[in-house]
Amino acid sequence: MIARRALVLAGVAAVLCAAGCSTAGNGRMAQLDAVQASALLVPGRTTRDEVRQALGQGTVIRFRSGRETWHYLYREGIAPGWDDLPYIGLVTSRLERPTKELVILFDGDGVLRRWSMQEYRTAPSKGT
Amino acid sequence: MRIAPLVLALLCVPARPAPPAAAPASEPAAQHVEVTAPLPTARDEKTLAQLLSARDAFERHHALAPDATLAFRLYARLDPDDLGRLHLFFVQGTQRTEVALDERQRFALAPEWTRAEADRGALLQTNLPDGAVAWKVDIRTPGVPDDRRRLGDLRLECEADTFHGNLQRGLRTPVSAILDASDELCLLDDAQVWFAERPVFGVTLVWGERRRTLPYAYLHGSTGTMALAALFDWPWALRERAYFLPLQDRSWPDDTQVLFDAMDDPQPEPAP
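Residue numbers (this note's numbering), protein chains in the order written: chain A, 7 to 134; chain B, 508 to 779.
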């Protein structure tokens, strides 16, 4: 019984550790650096559709003012979806992994106003 | 939630001038009619006991911000236009006195409210319906500009509000009650939400050479769910201004500056 349970755990661990990443959008975030982002994301000019075409759909938060943010998060080490699973996600989302984050702000007309990108290792405890 | 009665005393005045003394006895006399009716909906309000409880916690933890003073602040939770019609009253029995708010809708405890014989059941009551207002403890060390806050002030706001003043909306779980009993509640990142003066796009902690720009998980309730929106202050008009702090990380001293990058600020030049 114990051996069987260990086998199951080992299998889960193997799947979790399989090469992969979790990301929002079309995966281009993995290669995106600040220089490429500066060329792609031009305040006052780049539109939502252009961003969607380039990076895929980010996670959207809409505000009452009409503005909205699109959020892209690329985390190395664990295949997509694990962070969203009940119980398992509580563990995987707290693992310290290299993380790259892009946040884009659009105005009410769908034109990009601001963007920010940062990389960090420490998993934010907020919301995880 | 109490519903204060609205008492309207109407004196019916005859349509014509009062008759001369020699008028016939059949002339009807003037009538005095008193109408009492409840307000149509509950008003957004707190008890004086809640404010005094926040004051007690403020004094217990004053070392976090030794030079700071205590105030309370009202925010429009649902509709920003509500600020233009907002009034606050101190209600004790049938007596109702307007409380002056400053330009940021703040007020302080009046000396007579803090006397030992003060009625702790008295109400601080707004003229807006229940749910329209977010109440916050507001603690500021003098001299801190609008584009930043002092971390110790914010930590003290958490101590005075969450589970003491109990002003902000939120889930009070048994676990958080236990943490509160051991004075550890404000070591949780989720314990308290704050609102910047302007819609915020980024928050950075700065202490000397040390800097940390907070991940987006700390902004705009981005990890929250609108399914529980009614239970919190941030999901509506205040969402653009909402931020959390890494309260679990005690390595940041109380004098740490919390800098705000506003949505309306220009895009910074990329670092060389």
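Do not rely on the hints blindly, as some may be mistaken.
[As the list claims (entries may be wrong)] Derived lysine to any residue pairs resembling SDA-like cross-links, with alpha carbons at most 20 Å apart:
1. A:K106 x B:P775
2. B:K553 x B:D609
3. A:K106 x A:R51
4. A:K106 x B:L712
5. A:K106 x B:G600
6. A:K106 x B:P777
7. A:K106 x B:R718
8. A:K106 x B:D609
9. A:K106 x B:R719
10. B:K553 x B:G600
11. A:K106 x A:G50
12. A:K106 x B:F597
13. A:K106 x B:T720
14. B:K553 x B:F597
For the record, the hints were derived by calculation from the structure and aren't laboratory data.
We went through each hint and held it up to the structure:
1. A:K106 x B:P775: holds (19 Å)
2. B:K553 x B:D609: holds (19 Å)
3. A:K106 x A:R51: At roughly 24 Å apart (the allowed maximum being 20 Å), R51 of chain A and K106 of chain A break the hint.
4. A:K106 x B:L712: The hint holds at about 19 Å.
5. A:K106 x B:G600: Since the Cα atoms of K106 of chain A and G600 of chain B sit roughly 58 Å apart, the hinted pair is violated (cutoff 20 Å).
6. A:K106 x B:P777: Holds, because 17 Å separates the two Cα atoms, which is no more than 20 Å.
7. A:K106 x B:R718: holds (17 Å)
8. A:K106 x B:D609: This hinted pair is violated, its Cα atoms lying about 43 Å apart.
9. A:K106 x B:R719: holds (15 Å)
10. B:K553 x B:G600: holds (15 Å)
11. A:K106 x A:G50: violated (24 Å)
12. A:K106 x B:F597: Judged against 20 Å, a Cα distance of about 51 Å means the pair is violated.
13. A:K106 x B:T720: Between K106 of chain A and T720 of chain B the Cα gap is close to 13 Å, so the pair holds against 20 Å.
14. B:K553 x B:F597: Holds. K553 of chain B to F597 of chain B sits at ~10 Å (cutoff 20 Å).
Hints 3, 5, 8, 11, 12 from the earlier list are contradicted by this structure; the remaining hints agree with it.
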